[in-house]
Amino acid sequence: MPTVDPDAINFVPKSSFSRREMLVTSLAAGFALAVEPVMADTQIKTSSDGLEAGEVKIPVKDGDMPAYRAMPNGKGPYPTVLVVQEIFGVHEHIRDVCRRFAKLGYFAIAPELYARQGDPSKVSDITALMKDIVSKVPDEQVMADLDACVAWAQGSGKADTARLGITGFCWGGRITWLYAAHNPKLKAGVAWYGRLLGESKPLTPKHPLDLVADLKAPVLGLYGGADQGIPVESVDKMRAALKAANKPGEIIVYPDTPHAFHADYRPSYRKEAADDGWKRLQAWFKQNGVV
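Using the UniProt record's numbering, the first residue of the sequence shown is number 1, and each one after it goes up by one.
Where hints are given, some of them may not hold.
[Stated by the list, open to error] Pairs of lysine-lysine, PhoX-like flavour, derived with a Cα cap of 25 Å:
id, residue 1, residue 2
1, K201, K61
2, K45, K136
3, K206, K136
4, K243, K103
5, K271, K243
6, K286, K216
7, K103, K61
8, K271, K216
9, K286, K271
10, K45, K57
11, K185, K61
12, K216, K243
13, K271, K75
14, K216, K247
15, K271, K247
[Said to hold, decoys possible] Across the chosen pairs, the derived CB separations fall in these ranges:
id, residue 1, residue 2, range
16, A213, D49, 27 to 33 Å
17, A162, K122, 18 to 24 Å
18, D49, S26, 32 to 38 Å
19, A244, L23, 39 to 45 Å
20, S48, A244, 21 to 27 Å
21, D62, A226, 37 to 43 Å
22, I44, A213, 36 to 42 Å
23, S26, A213, 35 to 41 Å
24, D276, P37, 21 to 27 Å
25, G30, A244, 42 to 48 Å
26, M39, K122, 34 to 40 Å
To be clear, the hints were calculated from the coordinates, so they are not data collected in a lab. C-beta: ideal position from N, C-alpha, C; glycine also.
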């Protein structure tokens, strides 16, 4: 597995907001090529027994976006959680996270947010993945796609979007902070090692530290003290900014812990921190009305 931290790479995007063709129309099976080798001995596998789980299509303004949805087998409505992918897209780990939420009684949905820019499952090199796909995804598009997921979930009759939460990992951790500044109906977010600072670019004009004053929901940030791409100094700045803005957020830093410590299928996995973070996530959602 390459040691390059995806959150530390920045490229000048070449696409624009106007791109409309869906390049990905269905989710790939298994794992993205760039995550090899998969650590099978630590990988968590959550059964779909007792669940309604599988791929769905989310109507957006320029087509149908593929997503993975998991919920208990029943009438609902269930509290709703948006699950935002790592840079690798909606592969098996993200689908498993959705099933874990469903086992807890949630309606969980993970949209393939790169569907217009390319298929991350087919790219074997992280640098190429960042340059050719991830850097071309506009924040504005992502916010609209997440809003579309909430609308679709509400329309299903099985989701209670008045109890709405969001969580994301790596690239999705940054998106979690952004969505908490975007959607006034969001109850709470949990951001796993999402980048907090960055250069302002046309497709990514603002970053979490720029948006602290705009946060509309409390966010729990979970970070590794040994993350080479997200310095502890930037985490400290975010914590201080939350306090200065009187925003109800919290940041936990796990000492000597690397980036992607929740990714149980990768060598970066740290079970103790991952388990503690998952417990804190559940408590955070409960405390803030996502139950």
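Indices of hints not satisfied (ascending): 2, 4, 5, 7, 8, 13, 15, 16, 17, 18, 20 and 26
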